[in-house]
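Taking my numbering, the leading residue of the sequence shown gets 494, the next gets one more, and so forth.
Do not rely on the hints blindly, as some may be mistaken.
Said to hold, decoys possible - Here are the simulated SDA-like cross-link-like pairs (lysine to any residue), alpha carbons at most 20 Å apart as the crow flies:
#1 K745 <-> I574
#2 K655 <-> K719
#3 K516 <-> S544
#4 K747 <-> R593
#5 K655 <-> Q645
#6 K573 <-> Q645
#7 K573 <-> E633
In short, the hints are calculated from the structure, not lab data.
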Amino acid sequence: MSTKKKNLLLMSAQKVDLEFATKVAEQCDLHLISVVDPVEGIHLLDQDGASLVFADCTNESQYQALEQAIQDRMGLFSDKINPNLFHFLVPNERNLAKLRYTFESPILGNLVFRDESTLTELIDRYSKVCAALLGKKTFELSAFVGDSAETQSVQIEAPKQKPDVLQGVKDFMLRVGYHPRLASLATSAADELLFNAFYEAPVDEFGKTVGKTMFRGGTSVRSLFKPVTLQLAFDGKSTGIGVIDEYGSLNKSKLLAGIMSLFPDDRRKGRAVPIGQAIGLSLQLRQGASLGFLCDPGNRTLSMAFFPLQKKFVDFRKSFRFVVTQFYLK
Numbered sequence: 494m495s496t497k498k499k500n501l502l503l504m505s506a507q508k509v510d511l512e513f514a515t516k517v518a519e520q521c522d523l524h525l526i527s528v529v530d531p532v533e534g535i536h537l538l539d540q541d542g543a544s545l546v547f548a549d550c551t552n553e554s555q556y557q558a559l560e561q562a563i564q565d566r567m568g569l570f571s572d573k574i575n576p577n578l579f580h581f582l583v584p585n586e587r588n589l590a591k592l593r594y595t596f597e598s599p600i601l602g603n604l605v606f607r608d609e610s611t612l613t614e615l616i617d618r619y620s621k622v623c624a625a626l627l628g629k630k631t632f633e634l635s636a637f638v639g640d641s642a643e644t645q646s647v648q649i650e651a652p653k654q655k656p657d658v659l660q661g662v663k664d665f666m667l668r669v670g671y672h673p674r675l676a677s678l679a680t681s682a683a684d685e686l687l688f689n690a691f692y693e694a695p696v697d698e699f700g701k702t703v704g705k706t707m708f709r710g711g712t713s714v715r716s717l718f719k720p721v722t723l724q725l726a727f728d729g730k731s732t733g734i735g736v737i738d739e740y741g742s743l744n745k746s747k748l749l750a751g752i753m754s755l756f757p758d759d760r761r762k763g764r765a766v767p768i769g770q771a772i773g774l775s776l777q778l779r780q781g782a783s784l785g786f787l788c789d790p791g792n793r794t795l796s797m798a799f800f801p802l803q804k805k806f807v808d809f810r811k812s813f814r815f816v817v818t819q820f821y822l823k
C-alpha cells in the first residue's frame, strides 16, 4: 500500500499565505506544493491532483488570473475542478461588496479572511476545519471544533420548541464566558439556522420549498416537519453552533445570494435582494462570525456558525473569519 502523502497546493506570493499553508499542511499530514503563478499551479493540479487548493485572491485581478488559468487548461466546469477543494485567501475585509468577485465565482468552495495579526488563531482553527473536510463526510459539529470540545445536542420536533432551545443556547454562551452581546449574537445565529431548517429546507418532490406555507406555530402541522438537531461545541477557544436537517435541499446559489444580499451597494444599484436562506447569517459574518455549510443532496444538511471566545465585542469584530461550503455529489 502506498504511503505517499496527499497534496496541499498553494498558489500565492504572500509570505503570510506560505506560513498559513505550511502549518495547515503539517497539521493535516499533507505535502505542501507552493507556486506563485496560477498557470503553473493549475498545470500541477491537472497532473497530480490535490486534496486542498489554497489560492491568493486578494483582489479581482488575481482571481481573474486563476479563473483564466483554469479555463485555458481544463475549463471551469471540467470534472477535474471540484469547488469543494478551493480555498480562496482574501483580506479580512468588513465591506463584503469588495469581495463580490469571489461570491459570484463558479468555483467558490471556501473563503478564508486572513490577517497577520490573527494568523496563529486562524491556523489553529482552520487546521481543524480542513482535517474535518479531508475525512469521511461528517455531519458532526464536533469534527470541526476538536475532540476535546464540550458538546451538547438536542433534537427539536417542531418550531414551537425554539424559544426554550434558544434560551439554552444563550445560557450556554454566558456560562462559558462570552460577553452578553456576543451571547445574544450567537443566539440570533442559532435562531436563523433553525428557521432555515424548518421553513427553507422542507421541499416537495419537485424541489419546491413548502415550509413557508406551513402554520408557523408548528402544532397543527407537526407531522409535516422532520425533526432537526441542534448541536453546540466549545473547546475553550471557540463555540460552534450547528443545525442538521434531514432534507439535504440547500441551494448553493441561493445561499451565496443570501450572503451577498446585504452588500451596501445592492439596493442603491437596484439589484434584487433575495429573501430566505442566509440573509440573517450575512449579518453574523459581517460582525465577525464564521460560517459553514455541508450538504448531502436529498439526505441532510449541516449548517454551522462559529464564534471565537472574546470578552470584548470590539475584539470579536477583529477576529479571523471563514466561510466553508461543501456540496457533495449525489
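Each hint tested on the structure:
1. K745 <-> I574: Roughly 16 Å separates the two Cα atoms, so the pair holds.
2. K655 <-> K719: holds (14 Å)
3. K516 <-> S544: holds (15 Å)
4. K747 <-> R593: holds (15 Å)
5. K655 <-> Q645: holds (16 Å)
6. K573 <-> Q645: violated (39 Å)
7. K573 <-> E633: violated (28 Å)
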